[in-house]
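Chemist: So the sequences go chain by chain: A and B.
Throughout the first sequence, residue numbering follows our numbering, covering 6 to 125 in sequence.
Throughout the second sequence, residue numbering follows our numbering, covering 17 to 185 in sequence.
Think of the hints as simulated: they come from the structure by calculation, not from any bench.
This one's a predicted model, so the numbers in the text were calculated from it and none came from an experiment.
Don't take every hint at face value.
Covered by chain A, per the in silico footprint, the following chain B stretches (three or more residues, Cβ under 8 Å) [unchecked claim]:
| # | segment |
| --- | --- |
| 1 | 18 to 26 |
| 2 | 52 to 64 |
| 3 | 157 to 170 |
To give an idea of the interface, some chain B residues facing chain A are shown, with a C-beta separation under 10 Å as derived from the structure [to be verified]:
| # | residue |
| --- | --- |
| 4 | 33 |
| 5 | 173 |
| 6 | 175 |
| 7 | 176 |
| 8 | 180 |
| 9 | 183 |
Cβ atoms here follow ideal geometry from the backbone N, Cα and C, with glycine treated the same way.
For reference, the chains in residue letters:
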Amino acid sequence: MMTRADAFVILLATLLVVGSYAWLWTPSTPATQVRVVAGDREIARLPLDQPRQLEVSGPAGITVVEIRDGAARCAASPGSQGICQQAGWLRRAGDMAVSLPNRVIIEVLGDEWAFDSVNY
Amino acid sequence: MQLPTTREDHRIAWLAALAIAVHILEAAIPSPLPGVKPGLANVITVLVLMLFGWRMAVWVTLLRVLAGSLVIGTFLSPTFLLSAAGAGCSLAVLGLAHRLAGTRLSPLGLCVLAALAHMTGQFLLAWWLFIPHPALLKLLPVLLSFSLVFGLVSGTIAAMMYQQVSRPS
Numbered sequence: 006m007m008t009r010a011d012a013f014v015i016l017l018a019t020l021l022v023v024g025s026y027a028w029l030w031t032p033s034t035p036a037t038q039v040r041v042v043a044g045d046r047e048i049a050r051l052p053l054d055q056p057r058q059l060e061v062s063g064p065a066g067i068t069v070v071e072i073r074d075g076a077a078r079c080a081a082s083p084g085s086q087g088i089c090q091q092a093g094w095l096r097r098a099g100d101m102a103v104s105l106p107n108r109v110i111i112e113v114l115g116d117e118w119a120f121d122s123v124n125y
Numbered sequence: 017m018q019l020p021t022t023r024e025d026h027r028i029a030w031l032a033a034l035a036i037a038v039h040i041l042e043a044a045i046p047s048p049l050p051g052v053k054p055g056l057a058n059v060i061t062v063l064v065l066m067l068f069g070w071r072m073a074v075w076v077t078l079l080r081v082l083a084g085s086l087v088i089g090t091f092l093s094p095t096f097l098l099s100a101a102g103a104g105c106s107l108a109v110l111g112l113a114h115r116l117a118g119t120r121l122s123p124l125g126l127c128v129l130a131a132l133a134h135m136t137g138q139f140l141l142a143w144w145l146f147i148p149h150p151a152l153l154k155l156l157p158v159l160l161s162f163s164l165v166f167g168l169v170s171g172t173i174a175a176m177m178y179q180q181v182s183r184p185s
C-alpha cells in the first residue's frame, strides 16, 4: 500500500519535525563573561571560566559576586529582601541580578547579544 | 430560474457536501491546543485530487472552508482565516506534489504533505497576523508533531478508501 515515494515523504516529514525541535527548542547562548556595574560605572568584566570572588562596595554596603563553573551569582548583598541573591546562578546570556539598594548590576554576556526580556 | 449545470458541477457539489459534513463533525471534537485537529476533511481533498484532479480538489476544498465556516459560525473570524490559509497552503503543496510525483505518491504520502502544509500555512498566518511574538515559534515543533501524526492517520484512512473506490467493479 505504501509506495517508495510515500516512505520518502514520511521520512522527510519526520526529519522536518525533529529538525524543528532542534532548531526552535535549543536553549539560548551560554554566557562567557560577567559584567559588574556599580552606580553608573562598569567596574569589572570577567571571564566565567575562572572561579573568583569579587566584593563590590556601594552606598548600602558590600555586594559579593561569586564566579564558578561558567556561571556567576550574587552571593551576598545588603538589600533587606535578598532580591539580588534570589536571581540565583546566572549562566545564560542576558541573565541578570540587580541590587537596587546597593546600585549594583551583575549581568552575564554571551558571544551573541541577547534580550533579557521581550514584552509586547 | 434554472442555471445550466454540468455533470462536473453536480459532482463538485456532492463531494463538497461530504467534505462539509466531515468538517462540521470534526469541529465538535474537543482539541488540546488551538490549531490542532485531526484534519479528516483532508481525506476528501486528497481523494478528490487522486480521482478527479487538482482543479476539482480546489473547488471542493474552497467550498468546504466557506460553507463549513458559515454553518459553524466562524465565517470571517480568525478561525476562518486560519482555516483558509491552511487550506490554500495545503492545496498548493498537493498540486505541486501530485504534478511532480503523479501516482507514485499514494494518498498516504499526500495526506502527510497536506497536513504539514496546512499546519505551516495557518501557523505562519497566526504568527504574522495575530501573535507576532517569537515565543509562538516554541509552539511550532509541537504543532508539527501533531500534524505529522494526524497526517499519517488520515493518510491511512484515505489510502484504504482509495483502494475501495478505485477497485474496478
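Chemist: All hints are to be evaluated individually against the structure, with a verdict given for each.
Modeler: Hints, verified against the model:
A count of 0 residues in the segment 18 to 26 of chain B with a Cβ less than 8 Å from any Cβ of chain A is obtained; the coverage claim is therefore unmet, three being the minimum. Counting residues of the segment 52 to 64 of chain B whose C-beta lies closer than 8 Å to any C-beta of chain A gives 0; at least three are required, and the coverage claim is violated. Only when three residues or more bring their CB closer than 8 Å to a CB of chain A does the claim for the segment 157 to 170 of chain B stand; here the count is 6, and the claim holds. With a least beta-carbon distance of about 28 Å to chain A, the hint placing residue 33 (chain B) at the interface is violated under the 10 Å criterion.
At its closest, the beta carbon of residue 173 (chain B) sits 12 Å from a beta carbon of chain A; the interface hint therefore is violated under the 10 Å criterion. Using the Cβ-Cβ criterion of 10 Å, the hint placing residue 175 (chain B) at the interface with chain A is satisfied: the shortest such distance is roughly 6 Å. Hint status for residue 176 (chain B) relative to chain A: holds, with the closest Cβ pair at about 8 Å, below 10 Å. At a threshold of 10 Å, the smallest CB-CB gap from residue 180 (chain B) to chain A is about 12 Å, leaving the interface hint violated.
Because the beta carbon of residue 183 (chain B) sits about 13 Å from the nearest beta carbon in chain A, more than 10 Å, this interface hint is broken.
Going down the numbered hints, you'll see the structure goes against 1, 2, 4, 5, 8, 9, while the others check out.
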